[in-house]
Amino acid sequence: MESGLARRTVIVTGASNGIGARTALAFGREGAHVVVAYHRNRDGAAKVSEQVEEVGGTAQVHPYSLAEEGSADELVSAAVETTGGVDVVVANAVRWWGRGPGGFETLPDGEWEQIVSDNLSGTIRLMRAAAPPLRKSEQGRVALISSNLALEGLPGAEYYSAAKSGLHGLCKSLSWSMGPHGVLVNTVVPGLTMTDRNKANFPEHLKKMEEARTPLGRLVTPEDVAATTVYLCSALNTAVTGQLLNVSGGR
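Add 56 to a position in the sequence shown, counting from 1, and you land on the number used in this note's numbering.
Quick caveat, the hints were computed from the structure, so don't treat them as lab data.
Mixed in with the good hints there might be a few duds.
Claimed, not checked - Using C-beta positions, here's what the derived DEER-type ranges look like:
1. H237 x S133: 18 to 26 Å
2. E58 x K192: 39 to 47 Å
3. R253 x P119: 15 to 23 Å
4. P119 x S173: 13 to 21 Å
5. E260 x P119: 33 to 41 Å
6. E125 x W232: 32 to 40 Å
7. W232 x A102: 25 to 33 Å
8. P211 x D165: 13 to 21 Å
9. E58 x D165: 19 to 27 Å
10. R191 x L300: 35 to 43 Å
11. M57 x E260: 28 to 36 Å
12. K192 x E161: 39 to 47 Å
13. P236 x E208: 40 to 48 Å
Using N, Cα and C, we set each Cβ at its ideal position, and we do this for glycine too.
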């Protein structure tokens with residue numbers, strides 16, 4: 057069976073590196089037109105765009121900010137102006153959590169409110185902007201990228217975990233409102249993923265400890281997450297919607 061993604065317009069946010077970059081490439085291999093959305097790393101996004109074209113897709117680069125209210129509208133408008141529509145949205149952009157000097161209650165109000173607002177409200181704004189063209193698509197698909205921290209928690213990640221948990225409720229409700237239009241909406245929940253950032257910051261002894269706690273015997277790669285996302289957003293997926301897909305190696 058074919059993925060049905062050739063010449064489809066796919067927006068991937070946070071696509072200049074990590075999971076987003078690998079996801080953009082995976083869609084490129086299927087022949088999609090990928091809108092590589094980035095926040096600060098334009099050079100990284102440009103490189104990903106070139107790689108998408110090298111593997112058989114087409115691409116454009118566009119800035120995007122979770123925090124700026126008009127940014128999602130501009131991103132979606134740019135995609136529609138280029139190709140005439142939007143078929144897939146992968147909401148991968150993220151604002152990382154911060155820690156206060158003491159317990160979780162010591163993080164200043166403005167900082168924790170920004171973490172929650174960017175990760176939850178920013179994604180809601182993206183979905184509001186993308187909903188009209190998605191409804192018009194013959195193969196509308198959405199993948200919200202969450203985190204295992206929303207399920208397992210972690211000291212210091214309270215606000216981030218809360219925001220990511222909010223995506224799960226958003227996904228479920230969107231599956232109802234978008235379902236009558238044929239749009240499938242799912243949430244991908246990666247476990248600890250060996251991005252370049254995590255490889256650099258994760259000590260080897262902790263890596264081995266986490267591998268021992270994983271049924272698969274290894275940690276998840278960005279390619280693992282990308283493959284799951286592409287499946288959910290392809291024509292191969294005909295009825296999976298409103299679900300949390302845990303990509304964790306069995307954790």
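Inset, instruction - For the range 28 to 36 Å, tell me whether the beta carbons of M57 and E260 fit it or not. - result: violated (41 Å)
Legend entry - Distance restraint hint 18 to 26 Å, applied to the beta-carbon atoms of H237 and S133: holds (20 Å)
Inset, instruction - For K192 and E161, compare the CB-CB distance with the range 39 to 47 Å and indicate the outcome. - result: This hint holds: roughly 46 Å between Cβ atoms.
Inset, instruction - Determine whether the Cβ-Cβ distance between R253 and P119 falls within the hinted range of 15 to 23 Å. - result: holds (21 Å)
Inset, instruction - Determine whether the Cβ-Cβ distance between P119 and S173 falls within the hinted range of 13 to 21 Å. - result: Because 19 Å falls inside the window, the suggested range holds.
Legend entry - Cβ distance range 25 to 33 Å for W232 and A102, holds or violated: At roughly 38 Å between Cβ atoms, A102 and W232 fall outside 25 to 33 Å, so the hint is violated.
Legend entry - Whether the CB-CB distance between P211 and D165 falls inside 13 to 21 Å: Given about 20 Å between the Cβ atoms, the range holds.
Inset, instruction - With 40 to 48 Å as the target window, see if P236 and E208 comply at their CB atoms. - result: violated (34 Å)
Inset, instruction - Take a look at whether the Cβ-Cβ distance between E260 and P119 falls inside 33 to 41 Å. - result: For E260 and P119 the Cβ distance comes to about 36 Å; the hint holds.
Inset, instruction - Return holds or violated for the Cβ distance of E125 and W232 against the range 32 to 40 Å. - result: Violated - the Cβ-Cβ distance for E125 and W232, about 26 Å, lies outside 32 to 40 Å.
Inset, instruction - Starting from the hint 19 to 27 Å, judge whether the C-beta atoms of E58 and D165 obey it. - result: violated (50 Å)
Inset, instruction - Note whether the CB distance of R191 and L300 lies within 35 to 43 Å or breaks it. - result: violated (23 Å)
In summary, the numbered hints that this structure violates are 2, 6, 7, 9, 10, 11, 13.
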